[in-house]
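Colleague: So the protein lines, in turn, are chains A and B. For what it's worth, the numbering used here labels the leading residue of the first sequence as 1, then goes sequentially. For what it's worth, the numbering used here labels the leading residue of the second sequence as 1, then goes sequentially.
Since the hints were made in silico from the structure, they are not lab data. All residues carry an ideal CB built from backbone N, CA and C; glycine is no exception. One or more of the hints may lead you astray.
As the list claims (entries may be wrong) - Have a look at the derived ranges for each label pair, beta carbon to beta carbon:
(1) B/174 x A/265: 50 to 56 Å
(2) A/204 x B/241: 27 to 33 Å
(3) A/240 x B/241: 44 to 50 Å
(4) B/208 x A/44: 20 to 26 Å
(5) A/271 x B/139: 34 to 40 Å
(6) B/154 x A/290: 53 to 59 Å
(7) A/305 x B/241: 25 to 31 Å
As the list claims (entries may be wrong) - A few chain B positions that, by computed beta-carbon distances, are all more than 10 Å from chain A:
(8) 66
(9) 74
(10) 91
(11) 104
(12) 110
(13) 111
(14) 145
(15) 162
(16) 188
(17) 225
(18) 228
(19) 240
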Amino acid sequence: MRFPKFQFFHFLAFCSAVFFSCDPLVTTFDDSENAIYYEANNVHQSAGFPIGPFEINTMTWNIRFGAGILPFFGDACGDRVIFTAAEVEANLEGIAAKINSADPDIVLLQEVDRQSKRSAYIDQVQWLLDNTNLNYGAYASVWKAQVIPSDGIGRMDFGNVILSKWELSDAERIKLPLREDQDALTQYFYLRRNILKAKVAVPNQTEFYAVNIHATAFATDDTKQKHVDTYTQTLKDLDDAGIGFVTGGDLNALTPGAASIDFCMADICSGESYHSDADGGPHKDGSYFNNFTNEPTLLQPLYDSYNPAISLTNYLANESNYFTHAPSTGDVATDRKLDYLFTNLTWNANSDSTHQDASNWSDHMPVTATLNFLQ
Amino acid sequence: MKHLILCFVLVFAGLELSAMDSAIPLEKGKWEVGIINPIRFGLGSGREISAYKLLSLKMPNISYKKLRWRKWDWGISTRHSLYYPTPFLKWLQSPLGMELGDPDMFALISPEFDIPHMVSIWNSVIATREIMDDVHFTGSAGLGISVGANELAQESTIDLPFIFPRLAVYYSGAVLKIGSAIHSKINKHWGYVVSGEAFLMPGAPGEFAFENTSQIEWVRNSGFRILLGYKMMYGEYPFGGQAHIFPAFDFIWRRG
Chain A
1 MRFPKFQFFH FLAFCSAVFF SCDPLVTTFD DSENAIYYEA NNVHQSAGFP
51 IGPFEINTMT WNIRFGAGIL PFFGDACGDR VIFTAAEVEA NLEGIAAKIN
101 SADPDIVLLQ EVDRQSKRSA YIDQVQWLLD NTNLNYGAYA SVWKAQVIPS
151 DGIGRMDFGN VILSKWELSD AERIKLPLRE DQDALTQYFY LRRNILKAKV
201 AVPNQTEFYA VNIHATAFAT DDTKQKHVDT YTQTLKDLDD AGIGFVTGGD
251 LNALTPGAAS IDFCMADICS GESYHSDADG GPHKDGSYFN NFTNEPTLLQ
301 PLYDSYNPAI SLTNYLANES NYFTHAPSTG DVATDRKLDY LFTNLTWNAN
351 SDSTHQDASN WSDHMPVTAT LNFLQ
Chain B
1 MKHLILCFVL VFAGLELSAM DSAIPLEKGK WEVGIINPIR FGLGSGREIS
51 AYKLLSLKMP NISYKKLRWR KWDWGISTRH SLYYPTPFLK WLQSPLGMEL
101 GDPDMFALIS PEFDIPHMVS IWNSVIATRE IMDDVHFTGS AGLGISVGAN
151 ELAQESTIDL PFIFPRLAVY YSGAVLKIGS AIHSKINKHW GYVVSGEAFL
201 MPGAPGEFAF ENTSQIEWVR NSGFRILLGY KMMYGEYPFG GQAHIFPAFD
251 FIWRRG
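When you get a sec, could you build the whole thing from the sequences and use the hints?
Modeller: Now the structure itself:
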């Protein structure tokens with residue numbers, strides 16, 4: 001059988017038209033983009049719509065992409081990069097059990113992997129929806145690339161998540177400034193942090209939002225200041241519009257008045273050499289909280305403008321009760337508070353809890369508190 | 001940046017981007033070399049050896065092709081190839097030689113994994129026929145098996161186009177490759193190549209891949225030609241299916 005030559009050109013043109021990849025090597029984002037919606041495979045009808053005034057249980061938790069306290073090379077003095085599906089699922093089961101026992105209505109999660117090689121490509125948003133009492137989710141990528149050409153990390157998609165028993169809408173990814181203390185190549189492949197904002201269909205509330213943030217951890221310049229500035233402006237816009245919200249996340253910032261601002265020696269890994277603040281550095285990235293003017297009081301405007309789940313008075317009276325982060329070495333228990341909940345509504349008195357018993361499932365501890373619409 | 005470029009040249013150029021293949025070996029004493037295509041040398045009596053030269057820096061490899069049957073318009077050859085990927089995969093764990101804890105820049109495999117000594121052996125049948133004047137059709141089918149790869153961690157795959165299916169044999173134990181190509185001359189200086197190749201990888205974390213290469217050929221003379229076009233691929237990876245398209249080019253010299 002013989003084929004006319006022109007058919008091969010037609011075949012070539014057909015292939016060119018049909019097969020084309022639109023995924024960039026690294027995904028970049030506009031200032032504002034729609035988030036990605038999720039829904040549990042089995043929506044729990046009991047989530048229902050109570051009549052009259054009621055309470056909303058809220059939680060924030062940086063779940064460390066289901067790596068638990070395994071020795072990840074990036075933040076734990078470890079030599080692990082890629083975790084097995086069994087390891088990740090075991091940690092997710094612990095996280096889901098904790099969420100189910102606390103029974104929050106709205107959860108703000110940070111460091112959630114969706115399609116990442118390091119966590120066996122498990123879609124952790126869907127997994128958590130299918131294994132908790134929560135029904136709906138919104139996701140905004142922080143780090144998305146077909147390959148991260150370093151340390152064998154490979155494909156990456158991790159980000160911030162809002163989970164809720166009630167439907168979410170108007171979910172928006174708000175871009176935060178990139179670090180400026182990196183070379184261009186590193187910056188291109190590095191994290192692109194964001195604020196995730198979504199409208200929650202809370203019963204009897206015309207408008208109620210959840211706002212989730214994961215601010216920079218390792219910047220040595222004033223990037224963190226810019227992140228908090230964008231965050232406070234986002235909250236102010238909602239507040240000025242008379243819209244109620246619950247907000248929080250991993251702010252990677254200390255509580256104003258915290259006794260210690262230098263954790264370099266607590267976080268030091270074998271073979272590393274750092275000095276205390278008194279020596280003038282060098283400091284370990286992410287372990288030192290005085291990189292720019294007023295960094296130790298960075299969160300004061302949030303405390304001044306909104307209601308914290310844990311008041312400054314309570315925190316400063318007994319700091320260790322409220323620590324949410326354990327040093328990356330794994331040798332020491334929690335030693336600093338980095339995770340917060342705020343609202344422009346009202347918390348139930350003494351409803352807050354810092355779940356330091358969850359230390360097996362992440363290097364961050366969940367914080368919960370209850371919003372009271374009665375008051 | 002130069003290291004990144006070197007890394008990708010080694011990885012992609014070394015891993016058989018070539019669309020050119022034929023059952024007909026080079027004549028005795030003739031050799032052919034391309035930037036992307038392998039270096040080939042005719043041994044005479046219907047025999048040819050070839051190797052991917054850039055890849056050989058890190059992955060020693062050699063192929064032997066033998067014309068088995070030539071009758072009517074058909075030529076049928078067998079090709080037998082051997083690859084030793086261990087140094088290459090180890091190099092991909094730390095291309096710049098830095099230890100874990102420092103940035104292992106450009107590492108595509110985590111240094112946490114042990115890379116065992118292993119080889120893959122490929123045996124293929126290649127058939128070529130002139131289906132019309134100056135138009136050659138080539139079909140091929142081959143089976144690759146790996147030896148010594150049992151200890152290789154399944155999590156150490158490189159989940160990227162071109163690379164994943166070519167290394168899948170070390171994760172699945174066996175891979176079946178089938179392909180076809182059309183090479184046509186339009187006139188003295190111009191021609192084209194269209195080829196397709198499918199990888200069946202049962203047991204690997206992604207079990208199927210297909211590649212299509214389409215290139216225009218410009219022939220300066222019998223000693224030099226240029227190929228320019230694209231290479232498209234659809235493949236299954238541990239995370240799901242994905243398609244890619246890349247430019248594909250080569251400069252090929254022939255002597256002898």
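Colleague: Give a verdict on every hint.
Modeller: Taking the hints in turn, this is what the structure says about them:
no.: 1; hint: B/174 x A/265: 50 to 56 Å; verdict: holds, 53 Å
no.: 2; hint: A/204 x B/241: 27 to 33 Å; verdict: violated, 45 Å
no.: 3; hint: A/240 x B/241: 44 to 50 Å; verdict: holds, 46 Å
no.: 4; hint: B/208 x A/44: 20 to 26 Å; verdict: violated, 38 Å
no.: 5; hint: A/271 x B/139: 34 to 40 Å; verdict: violated, 57 Å
no.: 6; hint: B/154 x A/290: 53 to 59 Å; verdict: violated, 45 Å
no.: 7; hint: A/305 x B/241: 25 to 31 Å; verdict: violated, 48 Å
no.: 8; hint: 66; verdict: holds, 28 Å
no.: 9; hint: 74; verdict: holds, 14 Å
no.: 10; hint: 91; verdict: holds, 12 Å
no.: 11; hint: 104; verdict: violated, 5 Å
no.: 12; hint: 110; verdict: violated, 3 Å
no.: 13; hint: 111; verdict: violated, 7 Å
no.: 14; hint: 145; verdict: holds, 26 Å
no.: 15; hint: 162; verdict: holds, 12 Å
no.: 16; hint: 188; verdict: holds, 16 Å
no.: 17; hint: 225; verdict: holds, 18 Å
no.: 18; hint: 228; verdict: holds, 13 Å
no.: 19; hint: 240; verdict: violated, 8 Å
Comparing the model with each earlier hint shows violations of hints 2, 4, 5, 6, 7, 11, 12, 13 and 19; every other hint is respected.
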